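*Asks:* According to this note's numbering, the sequence shown is numbered sequentially starting from 34.
Rather than coming from a laboratory, the hints here were simulated on the basis of the structure. Careful: at least some of the hints might be erroneous.
[Said to hold, decoys possible] Derived CB-CB ranges, DEER-like:
| # | residue 1 | residue 2 | range |
| --- | --- | --- | --- |
| 1 | N154 | D111 | 44 to 52 Å |
| 2 | R188 | H151 | 36 to 44 Å |
| 3 | E99 | F68 | 20 to 28 Å |
| 4 | K107 | E130 | 17 to 25 Å |
| 5 | T128 | P88 | 14 to 22 Å |
| 6 | D75 | R166 | 13 to 21 Å |
[Claimed, not checked] Mimicking BS3-like on lysine-lysine, the simulated pairs with C-alpha atoms at most 30 Å apart in a straight line are:
| # | residue 1 | residue 2 |
| --- | --- | --- |
| 7 | K95 | K108 |
| 8 | K155 | K86 |
| 9 | K86 | K108 |
| 10 | K95 | K107 |
| 11 | K155 | K108 |
Because the structure is a prediction, the values reported are computed rather than measured. Ideal Cβ positions, reconstructed from N, Cα and C, are used throughout, including at glycine.
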Amino acid sequence: MMMKLKLYCYVMVCLFLLEGCENCSDTADERVTSFIDMEFVDNNGDNLIDAVKGPYHPDSIKAFTENNDSFSFKKWTDPVLKHVQLELLPPFNDTGETVVYLYLNHLDTDTLVINYSHHKNKCSDYYEYTNYRFNGKEVKINYMEHSVLKLLKKRK
């Protein structure tokens, strides 16, 4: 008898929870909540992160903030483009701006300033990236070309 009562209560709670959910499939925009895909390129558009050709080895690259905030930073090889890309999901705060330092090697650290706005709706909150500055210069993402933030550097 006790088992039937527990099962009945469980079913009722599930029905209550499912009944209370609203369809939110049209309220979240995947692009604005995604990682920022980045790559370091030279003037010719060639990727500068390469374990063999360099000048930057993937294993040496790190990302950090001034306050050592926790955030996601990954390095991976794109199977289509055949080179290393970086993925960053910055730590968000109330100021709408996060500064991330990109350590390439012991002689080279760059600054990426990410601006964003916070959006709340009935089903989620998310951040929309509004501006990027790399070493003080504004950078735009070309959404027609793999949606990658290309960070321009001179080849060393």
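*Asks:* State for each hint whether it applies.
*Replies:* Here's how the hints hold up against the structure:
no.	hint	verdict
1	N154 with D111: 44 to 52 Å	violated (32 Å)
2	R188 with H151: 36 to 44 Å	holds (38 Å)
3	E99 with F68: 20 to 28 Å	holds (21 Å)
4	K107 with E130: 17 to 25 Å	holds (22 Å)
5	T128 with P88: 14 to 22 Å	violated (34 Å)
6	D75 with R166: 13 to 21 Å	holds (20 Å)
7	K95 with K108	holds (9 Å)
8	K155 with K86	violated (49 Å)
9	K86 with K108	holds (17 Å)
10	K95 with K107	holds (9 Å)
11	K155 with K108	violated (34 Å)
Comparing the model with each earlier hint shows violations of hints 1, 5, 8, 11; every other hint is respected.
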